[in-house]
Each structure stands twice: as C-alpha cells, then as structure tokens.
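Asker: Chains as they are written, first to last, in the working numbering: chain A, 1 to 78; chain B, 1 to 142.
Treat the hints as calculated values from the structure; they're not laboratory data. Check each hint, because a few of them may be wrong.
What the hints assert, rightly or not - Listed next, the in silico DSBU-like pairs over lysine-lysine satisfying Cα-Cα at most 35 Å (straight line):
{"id": "1", "chain 1": "B", "residue 1": "Lys128", "chain 2": "A", "residue 2": "Lys18"}
{"id": "2", "chain 1": "A", "residue 1": "Lys29", "chain 2": "B", "residue 2": "Lys106"}
{"id": "3", "chain 1": "B", "residue 1": "Lys106", "chain 2": "B", "residue 2": "Lys120"}
{"id": "4", "chain 1": "A", "residue 1": "Lys18", "chain 2": "B", "residue 2": "Lys120"}
{"id": "5", "chain 1": "A", "residue 1": "Lys18", "chain 2": "B", "residue 2": "Lys106"}
{"id": "6", "chain 1": "A", "residue 1": "Lys29", "chain 2": "B", "residue 2": "Lys21"}
{"id": "7", "chain 1": "A", "residue 1": "Lys18", "chain 2": "B", "residue 2": "Lys63"}
{"id": "8", "chain 1": "A", "residue 1": "Lys18", "chain 2": "B", "residue 2": "Lys90"}
{"id": "9", "chain 1": "B", "residue 1": "Lys90", "chain 2": "B", "residue 2": "Lys106"}
{"id": "10", "chain 1": "B", "residue 1": "Lys106", "chain 2": "B", "residue 2": "Lys47"}
Stated by the list, open to error - Take a look, some chain B residues computed to stay more than 10 Å from chain A by CB distance:
{"id": "11", "residue": "Ala9"}
{"id": "12", "residue": "His22"}
{"id": "13", "residue": "Thr49"}
{"id": "14", "residue": "Met59"}
{"id": "15", "residue": "Glu70"}
{"id": "16", "residue": "Arg105"}
{"id": "17", "residue": "Ala110"}
To be verified - Partial list, derived from the structure: chain A residues whose beta carbon lies under 7 Å from chain B:
{"id": "18", "residue": "Phe7"}
{"id": "19", "residue": "Gln52"}
{"id": "20", "residue": "Phe75"}
{"id": "21", "residue": "Gly77"}
These numbers were taken from a predicted model, which means no experiment stands behind them. Quick reminder that beta carbons are idealized off the backbone N, C-alpha and C, glycines included.
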Amino acid sequence: MAVIRYFGQIAEATGCTKEQISLVNSDLKELLQTLNEQYGLERFQKNIAVNQVIVNPEDAYTIQDTDEIVLLPPFAGG
Amino acid sequence: MKKVFIEGAITPEFIAQSLAKHQTKHSIGAHNIFLGQVRADEVEQQKVTGIEYTCYEEMANPKLEAIREETFQKYNLTCMHIYHSLGLVKAGEICLFVFVSAKRRKEVYAATEYIVNRVKEEVPIFGKEILDNETHQWKENH
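Only chain A is shown next, with the shape it has when bound in the complex (with noise of 0.2 Å):
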C-alpha cells in the first residue's frame, strides 16, 4: 500500500492528511488526475515529492507499493 499525505490548504481540501491506496503499477501522473479530480486540487499550486525528493509531475513514474507521495503546498518558512 502506497501513502499518500497532504499538508497545508491541500489538507483542508482533502480533509485528512494522509490516506493509503491501493496502487498496483499505477503512474503518477494518473494517481495525480485523479486526486485533483477527487478533490478539486487543480486550483492548488503544488509540489510533488515521492519518497522526501521533490519529482516533476510529468515524468513517467510508476508507483511502487512502499512510496510515499506527498502533495506540498507553497512553503512558507521564516
């Protein structure tokens, strides 16, 4: 089971902060259309980090059953 976690106002969105899926050699990008169609997080300006390493979105990537993908929100320290 991959997790999927969420911070800041995607959390709001998403009302929780984390969720594990079930994602058999699903591909990112997919995983991606469906999370914003889910929960309408196209407005979201995002960063997508697989495994604590920010990734580019559009790049072929298929899920593998231990990752972490996190959708980060812009960062806002200091």
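Given chain A's structure and the hints, the job is docking chain B onto it.
Answerer: Below, chain B alone, put in the same frame as chain A:
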C-alpha cells in the same frame, strides 16, 4: 542531526542563552543573527494575529542538514545554528532564528542571507495565518 524545530515561539531567553554558550569559543570574532518575526499583516481589513506552522519533517530535516553542510562548504564558519518554530507563533514573536559565527565578520553576513533564503525556498514548512475574525489564509513565500 541538529534539532531545528521548536514548539511555539523562539523566546528572547533562548536566543540569549544561545549567545552565552558561544562565549567559551575564543576563535570566534564575529556573530551574525537573523530573527524572523511574525508580522500583523492586514488582509482585507482583518489583521494577522499569529501563524500556525506545520512541516513535512521527514523531508525538512534532511533538507536542513544539506543546507547546513553546503553552507559550511561555501563559507568559512566556526558554527551555525538554525531554529524554526512549529505550532502557533503570535504576531510580534520570533519564528526563525539563524545564528552564524566565524573568525571574521565578512563571512557571517553572506552566510546568514544564504541560509535564510534557502530555508524559505527549499524547506517544506507551511504557515496558516490566523486572522482576528477567526478565519485564516495560507502564507506563501515569494
């Protein structure tokens, strides 16, 4: 790994103690400190009363460690401390404390700015700005 995140505001006492700890390090000739303070911005006639910070710690900690290492490689520093608040920090309180020390002053100015810029741009920290009518908006670094 050095501890960066502190629950709540960074107090003036904490900053003073941090400075006092360096008085035994006699190779240091210059300190520089950056303090980020929560501003009571006005948003459509509402005032920001505080910022509630959260972060993605599993990514933030390695990123801060990398910033630390790269700063040491780039500048000739004796020591470096970065502290950032999590949870609620009220307007007027301190949420970011960057403290660098070196033999001479030239290095510390540039290093401080380098660290602050990288923390703001690269570390996954999020800020919920609490407004005085009990609504909120999300802070974004520009």
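Asker: Hint numbers the structure violates, sorted upward?
Answerer: Structure breaks hints 2, 5, 6, 10, 14.
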